[in-house]
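K.L.:
Just so you know, the sequences run in chain order A and B. Residue numbers in the first sequence follow my numbering, run continuously in steps of one, and reach 122 at the last position. Residue numbers in the second sequence follow my numbering, run continuously in steps of one, and reach 244 at the last position.
You may find that some hints are simply not true.
Far from chain B, by Cβ distances over 12 angstroms, these chain A residues were calculated [as the list claims (entries may be wrong)]: (1) THR39; (2) GLU57; (3) ASP78; (4) ALA90.
Cβ pair distances, simulated, as ranges [as the list claims (entries may be wrong)]: (5) ALA77/A <-> GLU232/B: 16 to 24 angstroms; (6) PRO115/A <-> SER183/B: 40 to 48 angstroms; (7) GLU104/A <-> GLU179/B: 17 to 25 angstroms; (8) GLU232/B <-> GLU106/A: 15 to 23 angstroms; (9) VAL108/A <-> GLU232/B: 39 to 47 angstroms; (10) ASP236/B <-> PRO115/A: 42 to 50 angstroms; (11) VAL234/B <-> VAL108/A: 35 to 43 angstroms; (12) GLU34/A <-> GLU163/B: 38 to 46 angstroms; (13) ALA60/A <-> ARG191/B: 31 to 39 angstroms; (14) ASP6/A <-> ASN229/B: 24 to 32 angstroms; (15) ASN229/B <-> THR93/A: 21 to 29 angstroms; (16) ARG172/B <-> LEU55/A: 22 to 30 angstroms; (17) GLU159/B <-> ASP21/A: 31 to 39 angstroms; (18) GLU110/A <-> SER173/B: 36 to 44 angstroms.
Quick caveat, the hints were computed from the structure, so don't treat them as lab data. Just so we're clear, the structure is a prediction, and the values are computed from it rather than from any experiment. The beta-carbon is built from N, C-alpha and C at its ideal position, and this holds for glycine as well.
Protein chains: 2
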Amino acid sequence: MTVDVDFGEDGLVPAVAQDADSGEVLMLAYVSSEALERTIETGRAHYYSRSRDELWEKGASSGHTQEIREVRVDCDADTLLYLVDQNVGACHTGHRSCFYRTVEGENVGERVFDPDAVYDDE
Amino acid sequence: MTVDVDFGEDGLVPAVAQDADSGEVLMLAYVSSEALERTIETGRAHYYSRSRDELWEKGASSGHTQEIREVRVDCDADTLLYLVDQNVGACHTGHRSCFYRTVEGENVGERVFDPDAVYDDE
Numbered sequence: 001m002t003v004d005v006d007f008g009e010d011g012l013v014p015a016v017a018q019d020a021d022s023g024e025v026l027m028l029a030y031v032s033s034e035a036l037e038r039t040i041e042t043g044r045a046h047y048y049s050r051s052r053d054e055l056w057e058k059g060a061s062s063g064h065t066q067e068i069r070e071v072r073v074d075c076d077a078d079t080l081l082y083l084v085d086q087n088v089g090a091c092h093t094g095h096r097s098c099f100y101r102t103v104e105g106e107n108v109g110e111r112v113f114d115p116d117a118v119y120d121d122e
Numbered sequence: 123m124t125v126d127v128d129f130g131e132d133g134l135v136p137a138v139a140q141d142a143d144s145g146e147v148l149m150l151a152y153v154s155s156e157a158l159e160r161t162i163e164t165g166r167a168h169y170y171s172r173s174r175d176e177l178w179e180k181g182a183s184s185g186h187t188q189e190i191r192e193v194r195v196d197c198d199a200d201t202l203l204y205l206v207d208q209n210v211g212a213c214h215t216g217h218r219s220c221f222y223r224t225v226e227g228e229n230v231g232e233r234v235f236d237p238d239a240v241y242d243d244e
């Protein structure tokens with residue numbers, strides 16, 4: 001790939017996932033060099049979990065995968081933007097987007113699935 | 123404010139700035155507790171520079187301020203989304219958005235000002 005992404009000291013960059021059609025910002029997660037490679041190879045969004053310390057594919061257990069339309073890099077090459085087709089919803093709370101609340105606590109998001117039904121086995 | 127933002131060990135959270143009208147993702151920068159307070163108080167986007175180690179107001183020198191329409195918080199309360207009216211352009215390279223390149227290096231962004239003219243005095 002042409003742009004040399006700066007993964008920094010911890011080997012991770014933040015990645016913003018945005019719905020390629022509606023423009024809705026869905027989530028932010030972290031990406032390692034390997035996660036970026038897998039994302040490009042497979043055409044499905046991969047991230048790196050800092051809490052579980054492992055590479056993960058979005059939707060691997062829930063089925064709520066993100067198909068990649070385009071990966072963009074910012075001016076400093078230390079942040080990514082995934083333009084995606086989101087299956088069902090991005091958020092584990094059942095909302096379409098993780099940004100379903102204002103900072104004042106008002107719920108402005110769309111609930112698209114029941115998390116108890118989807119994440120039952122975990 | 124109702125949502126208790128988790129500023130973590132380093133006291134910072136990433137904040138995504140999105141054009142409130144077009145939905146374009148403009149930039150990602152970091153926000154301290156004080157930067158968030160200033161953002162809410164003034165209605166203009168403030169961030170915290172990790173390299174300069176200081177609070178800054180977006181556009182304070184360039185005039186390319188971001189007027190806040192809404193601040194959102196994600197499900198884990200450790201990432202913010204600023205919905206803004208962006209004056210001119212968000213990126214110091216002269217592009218409307220910092221995400222003006224694909225990871226393959228193709229320029230897909232809109233150039234809206236000449237950075238040499240704007241940042242001449244710095």
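K.L.:
Against each hint, give a clear statement of whether it holds in the structure.
P.N.:
Hint check results:
1. Distance check on THR39/A: its Cβ comes as close as 9 angstroms (rounded) to a Cβ of chain B, failing to clear the 12 angstroms threshold; non-interface status is violated.
2. Residue-level check passed: GLU57/A sits 18 angstroms from the nearest beta carbon of chain B, beyond 12 angstroms.
3. With a least CB separation of 9 angstroms from chain B, ASP78/A falls inside the 12 angstroms interface cut-off, contrary to its annotation.
4. Chain B draws ALA90/A into its interface by the beta-carbon criterion, the shortest separation being 9 angstroms against a cut-off of 12 angstroms.
5. Here the CB-CB span from ALA77/A to GLU232/B is close to 19 angstroms, well matched to the stated 16 to 24 angstroms.
6. Distance hint for PRO115/A and SER183/B: a CB-CB separation of about 45 angstroms, consistent with the stated range 40 to 48 angstroms.
7. The beta-carbon spacing between GLU104/A and GLU179/B, approximately 22 angstroms, falls within the hinted interval of 17 to 25 angstroms.
8. Evaluation of the 15 to 23 angstroms hint for GLU232/B and GLU106/A yields a failure: the beta carbon distance comes to about 32 angstroms.
9. Distance hint for VAL108/A and GLU232/B: a CB-CB separation of about 28 angstroms, inconsistent with the stated range 39 to 47 angstroms.
10. Roughly 49 angstroms separates the CB atoms of ASP236/B and PRO115/A, a value that falls within the hinted 42 to 50 angstroms.
11. A C-beta distance of roughly 29 angstroms is found between VAL234/B and VAL108/A, which places it outside the suggested range of 35 to 43 angstroms.
12. For the pair GLU34/A and GLU163/B, the supplied restraint of 38 to 46 angstroms holds, since their beta-carbon distance comes to about 42 angstroms.
13. In this structure the supplied range 31 to 39 angstroms holds for ALA60/A paired with ARG191/B, their Cβ-Cβ distance being about 35 angstroms.
14. Checking the proposed 24 to 32 angstroms range against ASP6/A and ASN229/B shows it is violated: the Cβ atoms sit about 19 angstroms from each other.
15. Between ASN229/B and THR93/A the beta carbons are some 37 angstroms apart, a value that contradicts the proposed interval 21 to 29 angstroms.
16. Taking 22 to 30 angstroms as the suggested C-beta distance range, the pair ARG172/B and LEU55/A conforms, at roughly 26 angstroms.
17. GLU159/B and ASP21/A have their C-beta atoms about 35 angstroms apart, which keeps the hinted 31 to 39 angstroms range intact.
18. The hinted window of 36 to 44 angstroms between GLU110/A and SER173/B holds, with their beta carbons roughly 37 angstroms apart.
When each numbered hint is compared with the structure, violations occur for hints 1, 3, 4, 8, 9, 11, 14, 15.
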